[in-house]
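Start from the sequences and build out the full structure, keeping to the hints where you can.
Following this note's numbering, the numbering of the sequence shown begins with 3 at its first residue and continues without gaps.
Please keep in mind that the hints were generated in silico from the structure rather than gathered at the bench.
As the structure is a prediction and not an experimental result, all values here were calculated from the model.
Some hints could be false.
To be verified - Per label pair, the in silico range of CB-to-CB distance:
{"#": "1", "residue 1": "HIS108", "residue 2": "THR65", "range": "12 to 22 Å"}
{"#": "2", "residue 1": "PRO107", "residue 2": "TRP32", "range": "18 to 28 Å"}
{"#": "3", "residue 1": "PHE28", "residue 2": "PHE86", "range": "29 to 39 Å"}
{"#": "4", "residue 1": "GLY81", "residue 2": "HIS108", "range": "19 to 29 Å"}
{"#": "5", "residue 1": "HIS108", "residue 2": "THR29", "range": "16 to 26 Å"}
The beta-carbon is built from N, C-alpha and C at its ideal position, and this holds for glycine as well.
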Amino acid sequence: MAWIVLFIAGILEIGWAVGLKYTDGFTRLWPSVATVSAMVLSMALLALAVRTLPLGTAYAVWTGIGTMGTALVGIWLFGEPGSFARVFCVLLIAGGIVGLKLVTPH
3 MAWIVLFIAG
13 ILEIGWAVGL
23 KYTDGFTRLW
33 PSVATVSAMV
43 LSMALLALAV
53 RTLPLGTAYA
63 VWTGIGTMGT
73 ALVGIWLFGE
83 PGSFARVFCV
93 LLIAGGIVGL
103 KLVTPH
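Structure below.
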């Protein structure tokens, strides 16, 4: 269950990171409310996950999901460069996440 909670926390991290683009420096009310809400919920779920999972593993997976997802959304939604090298590096992050999941006993 902690892994599912952590995965949802990572998805919310992608949401708030992308949401920052829409807040326009926190000058737009509703995008700012949605972004801050995603931040709070993401952190709360991370805190819940680390009750069971090792902190270093959970934090690395959480940030990895956020980093990987945000980079891919940037390519897809904002037209950021999607070069082979960039996508390969994102895949390396994914490999690290899978590796941490496999070597963590919970």
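>> To test your reading of the hints: which numbers does this structure violate?
In response: 2, 4 and 5
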